[in-house]
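S.K.: If you follow the hints, you should be able to join the two separate chains into one complex; please do so.
Top to bottom, those sequences are chains A and B.
First residue of the first sequence: 1, per the numbering used here; consecutive thereafter.
First residue of the second sequence: 1, per the numbering used here; consecutive thereafter.
What the hints contain is simulated information worked out from the structure, not anything from laboratory work.
One thing to keep in mind: the hints can contain errors.
Pairwise CB distance ranges, derived in the manner of DEER restraints [as the list claims (entries may be wrong)]:
| # | chain 1 | residue 1 | chain 2 | residue 2 | range |
| --- | --- | --- | --- | --- | --- |
| 1 | A | 334 | B | 54 | 55 to 61 angstroms |
| 2 | A | 280 | B | 85 | 55 to 61 angstroms |
| 3 | B | 136 | A | 366 | 35 to 41 angstroms |
| 4 | A | 294 | B | 85 | 53 to 59 angstroms |
Beta carbons: idealized from backbone N, C-alpha and C, even for Gly.
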Amino acid sequence: MELNQLTIHELQEKIKNGQTSATQIVESVFSRIGVVEERVHSYIRLMKDQALSAAKKADEDIKIGAIKPLTGIPLALKDIVCTKGIPTTCGSHILHNFVPPYDATVVEKLRDAGAVFVGKANMDEFAMGSSTETSWFGVTRNPWDLERIPGGSSGGSATAVAADECIASIGSDTGGSIRQPAALCGVVGLKPTYGRVSRFGLIAFASSLDQIGPFTKDVEDCAIMMNVLAGYDPRESTSVQAEVPDYRQFVGKDITGWKIGIPKEYFIEGIDPEVAASVKKAIAVIEKCGGQCVDISLPHTEYCLAVYYIIAPAEASSNLARYDGVKYGLRTSEARDLLDMYKKTRTQGFGNEVKRRIMIGTYALSSGYYDAYYKKASQVRALIKQDFAEAFKKCDVILTPTTPTPAFKIGEKMDNPLQMYLSDLFTISSNLAGIPGISVPCGFTAAGLPVGVQFLAGHFEEGKLIQIASAYEKNANLAKRRPQL
Amino acid sequence: MEFETVIGLEVHAQLLTDTKIFCNCSTKFGGTPNSHACPVCLGMPGVLPVLNKKVVEYGMKMSLATNCTINKSCSFARKNYFYPDLPKGYQISQYAYPLSEHGYVFLEVDGAQKKIGITRIHMEEDAGKLLHDEHNPVSYVDLNRAGVPLIEIVSEPDMRTPTEAADYLKRLHEILVYLEICDGNMEEGSFRCDANVSIRPKGQEEFGTRAELKNMNSFRNVQRALEYEVKRQQYIVENGGKIVQETRLWDDAQGVTNSMRSKEEAHDYRYFPDPDLVPIIVDDAWIEVMRKELPELPMAKRERFVKDYQIPAYDAGVLTADKALSNYYEEVVRLCASPKAASNWVMGDVLRFLNEERRDIRNCPVTAASLAEMIRLIEDGTISGKMAKDIVEEMYKTGSAPKTIIAEKGMVQITDEGALLKTISAIIDANPNQLQDYRGGKDKLFGFFVGQVMKATQGKANPQIVNELLKKMLAG
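So that you can see chain B by itself, here it is in the shape it has in the complex (with noise of 0.2 angstroms):
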């Protein structure tokens, strides 16, 4: 039997605000334990929630950047459950009435566009976190990140291959980058994702039951946690067996996923509307402002690199995936004028240099400026492509400009005519033999002669002019 997979995703985004969502503690990541806290955030009785507008703005901004209706009124919900993490015993989220709904991105499958429908956005805070003593039975409570807040953004069921579901999430990986509100860390879960997935008979209409997948880390383990998935989905129901509703979790190191409860076990939240906070009232006034602050948005900027700078779709892509990366572009171009040239430096070395390392280009050595002036410096002749090749590698480990580097290494590039043809005068003297075959037909010996060239100035000369002088001396 043939099998259509079904998922959809439920993604967490940790915003970017300097406060948390319902109190002034710092959001900042780590920190000595119980250190960004107070009575608010501890859930110490008699305490009150007063929100936090900032993140509402930055709620906005990611309804509008994925084409969500804001909705005039929504309000805050508490959802209840026992668990350490979470001081208050509910967390403050949005259930009835959430920020925005009806929204969509697009994906390219195969060439096409294809929309992903946004069910909704809600905002929440997050809960803190456990850590468990190794060697004693102990575990402490670190409540430094509850509070921090939180959007919620979840798909219509509309994603239809584990390829599919993780170009999905680095679309709204990049938006979220891009807008500034989130800065997008996996690894640090300011960024996560809950997956459901469901396989059906191919044509058939009805959804099957959905198994809902969590602990996926990063882009890849998602996908790799909903290939297994499909295919153990796949197994049972080609043997025979019934899918069960329940909550799985991603095992990385085994490449599996384990049930960790089924749908009896789940928890009744008993949702109901937060008496502590009052509905939030969002006039076209302000959503006009918030889309006034949206910065360009990735597939706007693709478009208008293509465009502007002509170059290809796919180094466009490449440049824009990643906001400051394009910026640092941009920068390169402005500077050098060269578009073409400036994305393949960029493309080409730096971003090799970078990935070898893991680093980001925000701490890359290599300035905007100083690529720009290199790639000047080729233009007018003063370096060749290939001693750039040597000098930007240079910069990358020395963070040093061109010129400095050019000067220590005396790498000028000998464009002198007159210095040239002396150098060339010698060489042919210095090889009778190799002359009169070339000059009896042995073109390939030409580059034999330059091959020399380059040895005696140390590669510094100007290939085209010893081309061209080469070629006029030997003809004779």
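Looking at chain A on its own, in the form it has when it is part of the complex (with noise of 0.2 angstroms):
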């Protein structure tokens, strides 16, 4: 095994060891990275020279002992959290040249840990897709099938960590964006519970929605990142103050005697019959492992859709007001007036999806339809809350596929946004609800497309979350398999 295949906690065996260094295991990575990164496309900056620099500090700090829970650890940064002084684009034309002059709080964390940061990864174009199609930058490939997406909006998130180009990677999820692709390309991706991680730094789609989480190899990464990201964060209002535990406790923990949720609306038509059966296992698996499954509703989940795709959008309307050409960002060479400016500005500046999510969400915003929009929808949001906290009376978590579908063919849905927006119907629910989400890969298809399973928990409740994951993973005897690039 080269070092760049390997998991967190099993580098950090080796480091405390001796057996490798940091500067190793950073050129490791970036040696992958040469090989594939032009197939894949899972960045839109690498950061090689930054790299190197910390690794050979963190090889430093090694030699004292100093060892924190990330030293020499290779990281991937999905390209909307903002990094100081390195550009930050979202995914966009319009932000393509803006340099931001702080750390997100995460960045912060991630950095003190001891980790390194290989480069900013590829995504849709302000988190708004399920493809990382609609970046500025080109879209990522799937490692498993480079014709097929990674899945969105943090794909390059995703494939970086598929494809060994990191050791594991952050994402953000506002409705889907760490678990959709992680289940697309097999990988671990977890979204933390709404205001769990600092959202200081994350450029903001839609920021009662919006949460940062880890893609990671297994479920002990998962937890070893958890360790680090989770936490109050004074400059974020939304920010809560609980206890944070070490996740890592919870790793290979028993689940005998759980109650497994498994909500009849989640297994309907129209799965693909390949994610049906994987699924299926999944939940033979948990019972293995001493889970008892309960069969519960999650009786407003038909609208969950359609509650996110006017909340999501009208925040985003909002958020996005201020990429107007004037303080940074790109601006139009060709303006008249003022108002020419902005409209060339932003017509220039925003691909197709972005001005459609605007435009929806300016609509559901406007003076006469923000009752029958922005406000039922914030009305039907607390119902679909309350499905949950009834769901979870009678039961510990809850288990459902990550996506109706595998991995779809580039561009097979660009031209049908419904047909897109779908791929989201399972992740969405917890974004809503602010509940904590993890996808855990649960096998193939026949044509050899990774599959996941996802489990969702109560607030605060990571810690279940990733009980059960390993418990899954530990049990599940799943063959182990990598991308053949």
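M.R.: The following block contains the structure:
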């Protein structure tokens, strides 16, 4: 095994035992990037020089025994988290030249924990998409089948881990943008509880839904990442002052006697049969681990997509108003007056999907329509939240497929936004409810495409997700495969 | 036809917090453009607002001082519109759930107390400023003011004349300044006012179509603009026209209002709850803490001055119109124990000097201690009231204490009867004709003798003693 193929905990062992150095690890990651990046296109920007000097510093720390939770571990950052002095584009032309004078809180935390940043990962423009096809910097390809999409919006973060172009990565999840690409690329992806991980420095898409989380090669790495990421941030008003447990203690713990909720609304016709079969197998594994499956209902599930596609664009239409050409980013060079500058800058700077959502959101908030759309959606959102509160009275965690289908072909759904939106059918509800969710690989289709199973838990119960995901991972005995690149 | 005017005001007051409403930047006025700015108030991507608690507390104080009910829970909303001085493309304000509601203040109208309702008080952030290059087609954006905290105080349409509107504005202004939450500077824009004005035939219940007036940066301009606007609307109606709902700008130089935008061109602000901020929960305990911190308010102080110092209501009104002035007056009274004399000197001389120079009482060269000392010197007979007039002027010019001036100019009053007797004798001896005439019944000549004594003593003779001595000696 090459160093770049190992997990965080495996590399930590090697570092501690003096079997490798941070520099060697980083070099192995960049050598892999040199081979596959041209085909996969995980990154918008690589940070080789910074990574090598960070690795050098990590090696000095290792020498004096000052080893921190992520010392020398090469990570990819979705290009939606701000990095001081390094362009942060959000996958958009309008921010193609934006250099933040500040780090996102998670970037500070990861750096303080000793992590080494490899580069900024590709993504759907402003995180709006489920395929990483809307990026201004070009598509990212699924390492398991280069003709297919990796999922999105955090596609580059998922492929960088799946293709061993980093050890772990950071993504953001507004309606499934971590879990869906994790499932389609065969890696672990966790969306934490809203308020668990700081959003400061995360470029906003839909502020009441956005949450940062990790992509990792296994569940234990996910726990290690969460130990660094989670916690209160006084720079964010919606950050929650809740105790952060050591997530690693949940790894390998027994789940005997746990009640596993199986929501009937998530096992419906239209799910790809191979996906359904893999998830059924996962249920069997959970039962073998001592979990008891119980039928539950989340009655407002059918409204999730509609509610999401009002609330998220409404917030986005306001969040994206600041990209006006006045202060930073793209400014058109051919404006006659102020209004013309606004129009041309935004016309040139935003892609079609972003424009579509700005228009939907603007419409939903307009005078005369607010009550029928935004207000109604907010009311239904409360009911969706209530559904989960009721469900968690009957079970410890909920199990669902992460996505209705495996990865689809590049270009297949670009002309049909509604089809595209359906990819997030099973992931959106937890963003609306603010609860955490994890996607874990649960097998492959006959064509060799990864499938994911999703676990959902109550607010701030990430520990439970790690516990069940780890129990599943240990007992599923999935064949170890790597994408052939 | 006889018309009735209906006016409601929206007042924006900048709060005197050290830092901005959602970040730690300074709120200081002026400064190099964009020197009081950070990623948060510049609206950079990914940054988030964190509410300054002081803003809520200042807003609570104003709410309590104007009898508003503070809501147990209130929240922020986004007001969306594009303008270069608005870095995020939305202003964080309050909409459906304001800080407080249902308040009132009293005005004196035709000798009676009139209640003016306050609809609501809400918190919001200020926008930046645009600077337009006079010689080139270029505009610059200064975001030092962006994020400075404001409260907006919205009145009910309860005012019926431009004078009432101006009085209401003055009332709010003095309360804000008393609370020390706003410096009240209208020229720098820390206290701003928009007015909604309409007219209706007397007796009609239904409101007429209103115009919103903007850009009035002094009490006087508010009144002038309203007076103009009322006349304009009357003219239109009397000539068979219809008032259109619109926003109009006051042109100070021309003394007119001009249409800025019609109702059709009005923005759709697309208000919605700001997802980056959480609701503000205000409990009774917090309200009580704020209530205890409230200072004595202008109305209460006015009543106390009349009662405790026995000065006329008019004087009390003048002395309490400015908190610093009322403090100055009270300090003078405390040090000289003569409230009426203190009132006369403060209102008569000190204020006149200050007004001539448009100077603030806080920068008055005559300290309260000096003025009190001077009043004591009059009362113990060291100087005469007439001398004091000169001395106080000198005090204002030089900032010196009265005793210093008296010593420098040798202005001590002559109260030594022996010395005065000598002077008076000499004058009587030198004017035998006048003496004879006086004794012959020409009483008016008494003034002549007083004048002569004063002239001989360079005005330093104590007038009362001179009077007494002269009377005796002229009588023979």
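S.K.: A separate judgement is required for each hint: does it hold in the structure or not?
M.R.: Against the structure, the hints:
One distance hint, 55 to 61 angstroms for the beta-carbon pair residue 334 (chain A) and residue 54 (chain B), is violated here, with the actual separation near 45 angstroms. Remark: the range hint 55 to 61 angstroms for residue 280 (chain A) to residue 85 (chain B) is upheld by a beta-carbon distance near 59 angstroms. A hinted range of 35 to 41 angstroms for the beta carbons of residue 136 (chain B) and residue 366 (chain A) is consistent with their spacing of about 38 angstroms. Distance hint check for residue 294 (chain A) and residue 85 (chain B): the Cβ-Cβ separation is about 57 angstroms, which falls inside the suggested range of 53 to 59 angstroms.
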